[in-house]
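Residues per chain are reported as follows:
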Amino acid sequence: MSTTAYAPPAPGGLSRDTRPGLGRLVRVELRKMYDTRAGFWLLLAAVALAALAAGLTALTGHDDSRNFANALNNSTQAINFLVPVVGILLVTSEWSQRTAQVTFTLVPQRARVLVSKIGASVALALAAFVLTFLLSAAFTAIGGKSFGSVGAWHLDGGIVAQLALFDLISMLIGVGLGAAILLSAPAIVASFVLPVGVSLVLELIPGLDHVASWIGQGEALSPLSDHALSGTEWGRVVTATLLWCALPMAIGVVRFVKGEVR
Amino acid sequence: MLQTMIESNGLTKRLGGRTIVSDITFTCRPGTVTGFLGPNGAGKTTTMRMLCGLSDPDAGSSTILGVPFRELPNPGRRVGILLDASAQHAGRRGEEVLTLSALTIGADPGKVPELLDRVGLPKRAARQRLKAYSLGMRQRLGLASALIGDPEVLILDEPANGLDPEGMRWMRELLRDFADRGGTVLLSSHLLHEVEAVADQLVIIGGGKIVAAGTRDELLAGAGTLVRAAADHGDDRLSRALGDAGLTIHAHPDGGFIVEAEPDDVGRAALAGGVALSRLGPSESAGLEQLFFDLTSGAADAPDVPAADLQETAR
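In the order they appear, the protein sequences are chains L and B. Counted from 1, the first sequence has number 19 at position 19 by the working numbering; the numbering is strictly sequential. Counted from 1, the second sequence has number 31 at position 31 by the working numbering; the numbering is strictly sequential.
Honestly, the hints are just simulated from the structure, not real lab data. You can take every hint at face value.
With a cut-off of at most 16 Å between alpha-carbon atoms, the simulated EDC-like pairs for lysine to aspartate or glutamate come out as follows:
{"#": "1", "chain 1": "B", "residue 1": "Lys111", "chain 2": "B", "residue 2": "Glu96"}
{"#": "2", "chain 1": "B", "residue 1": "Lys209", "chain 2": "B", "residue 2": "Asp294"}
{"#": "3", "chain 1": "B", "residue 1": "Lys209", "chain 2": "B", "residue 2": "Asp23"}
{"#": "4", "chain 1": "B", "residue 1": "Lys131", "chain 2": "L", "residue 2": "Asp35"}
{"#": "5", "chain 1": "B", "residue 1": "Lys111", "chain 2": "B", "residue 2": "Asp150"}
{"#": "6", "chain 1": "L", "residue 1": "Lys258", "chain 2": "B", "residue 2": "Asp58"}
{"#": "7", "chain 1": "B", "residue 1": "Lys209", "chain 2": "B", "residue 2": "Asp58"}
{"#": "8", "chain 1": "L", "residue 1": "Lys258", "chain 2": "B", "residue 2": "Asp56"}
{"#": "9", "chain 1": "B", "residue 1": "Lys123", "chain 2": "B", "residue 2": "Glu96"}
Label-pair restraints from in silico Cβ distances:
{"#": "10", "chain 1": "L", "residue 1": "Arg98", "chain 2": "B", "residue 2": "Gly41", "range": "15 to 21 Å"}
{"#": "11", "chain 1": "L", "residue 1": "Arg98", "chain 2": "B", "residue 2": "Pro122", "range": "22 to 28 Å"}
{"#": "12", "chain 1": "B", "residue 1": "Pro122", "chain 2": "L", "residue 2": "Phe192", "range": "39 to 45 Å"}
{"#": "13", "chain 1": "L", "residue 1": "Ile205", "chain 2": "B", "residue 2": "Ala90", "range": "43 to 49 Å"}
Negatives, chain B to chain L, calculated, CB over 12 Å:
{"#": "14", "residue": "Gly41"}
{"#": "15", "residue": "Ala125"}
{"#": "16", "residue": "Gln201"}
{"#": "17", "residue": "Arg228"}
{"#": "18", "residue": "Asp232"}
{"#": "19", "residue": "His250"}
{"#": "20", "residue": "Glu262"}
{"#": "21", "residue": "Arg268"}
{"#": "22", "residue": "Ala272"}
{"#": "23", "residue": "Gly273"}
{"#": "24", "residue": "Ser278"}
{"#": "25", "residue": "Ala286"}
{"#": "26", "residue": "Leu295"}
We put the CB at the ideal spot given by N, CA and C, even for glycine.
Full structure from sequences and hints, please.
If you want it as structure tokens, here you go:
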């Protein structure tokens with residue numbers, strides 16, 4: 001025993017020899033997302049974008065397109081524009097701002113840190129989807145008064161699940177890219193440029209254009225928000241997710257766990 | 001009770017074929033402050049990063065509280081670490097940095113205001129984002145972050161950087177108090193006077209190797225005598241008198257000489273030369289400073305190194 005009297009842990013706290021649990025680490029990672037100025041405004045921008053898309057769909061445009069399904073679809077696609085950036089920053093801001101060395105001295109098992117970041121990203125993706133759902137419902141309710149068309153509230157449960165999955169895959173693509181590149185700006189640029197670049201190359205090389213539907217990020221994943229997928233289309237979602245999410249994530253795990261923190 | 005709170009056992013790090021630190025071995029006992037001293041680039045930070053599990057050694061090993069750092073279940077509650085006060089998110093508020101650490105390790109976030117007060121950060125500063133912090137404020141925040149888990153061991157890399165003299169004195173008192181209550185402190189510095197007054201033990205590193213280690217008194221033993229001539233007699237006469245007595249002398253930058261002899265012999269030599277003295281005594285910190293300079297300024301001062309080797313080093 002040490003001669004010094006150390007304070008017992010506070011209620012809800014941890015003793016000196018209790019490993020911080022994953023639930024605790026996930027909550028800390030979520031907090032890190034909004035407790036910086038940049039993180040806060042990014043999340044707010046994502047919400048604003050989703051609201052704008054839902055609002056524009058439900059309140060303007062042709063009467064027959066002003067329904068819940070369209071509002072949800074459009075606002076999901078809008079928020080999916082920023083969701084990968086949220087995923088990227090969840091990993092890279094620690095390296096760019098060098099807080100990783102503080103995090104790793106508190107939690108030396110780096111794989112646990114990465115797992116808790118992935119956990120936080122899944123929670124954020126689901127929260128983003130719930131938010132777009134509620135925003136779309138709210139705007140449909142407002143817009144509904146002015147046109148009152150039949151079937152304004154019709155929603156296909158399968159499509160809703162696909163939209164949620166689309167959100168989740170977009171988020172994990174961001175996390176994987178972030179972990180693989182570890183620097184905020186290059187990772188964000190890559191997340192916007194790489195999918196377009198790959199599609200372009202596949203389109204330009206004769207005989208490869210059919211490959212694009214299997215590995216092109218937009219080609220393979222965007223049907224998720226459009227219609228109930230066929231078996232082949234699900235296959236394409238799997239191949240594209242392997243390439244754009246699993247591959248960078250695998251590289252990222254190695255870099256995150258083994259990389260020298262400066 | 002553990003007798004060794006920090007143990008570095010032959011820690012060695014190579015980078016691109018170059019050896020950055022080599023065979024660093026020392027231990028820190030409870031209730032003591034250890035000053036890890038060396039010029040910039042000597043390998044202090046590299047060694048501390050290995051101790052804290054941020055970097056893998058190429059040879060050797062280390063333990064904190066008897067186990068490798070990474071095997072501590074909740075290290076934040078046992079070891080307080082400040083490696084780089086600038087390594088914080090510029091867009092985060094000061095108090096939030098501490099709250100994050102507290103939440104991660106399961107310490108009480110309600111202690112944050114008290115801790116901010118303890119490290120001398122006013123409420124207004126706590127609400128500010130780190131972008132607006134000076135280096136001194138970041139050091140204070142970093143120290144608060146290291147203390148939040150109520151640890152037994154503190155590992156601090158250049159914590160006095162950016163602190164004003166009042167801040168340095170405050171920090172010395174805080175560390176002394178921490179050690180007096182049974183804690184163990186390892187702090188690095190490139191400035192001798194920052195750690196000399198507070199450290200029970202000094203580990204001096206130069207060029208990636210430990211060049212001297214021991215208590216202040218151990219290092220000072222044989223560090224010589226500081227002597228100064230009275231103003232009207234002048235250092236020239238003194239230097240001649242000491243030379244006549246066959247004593248080896250080094251000019252001290254603040255005037256006078258450090259003599260490799262006991263004060264008695266120096267006094268007799270001055271008497272024989274008829275020189276009045278204004279100061280005569282053990283060299284104390286002047287000698288330690290000289291020692292630190294000699295030890296860490298590398299091979300250039302060592303007489304037994306052939307000139308060709310020196311040229312090689314210079315390049």
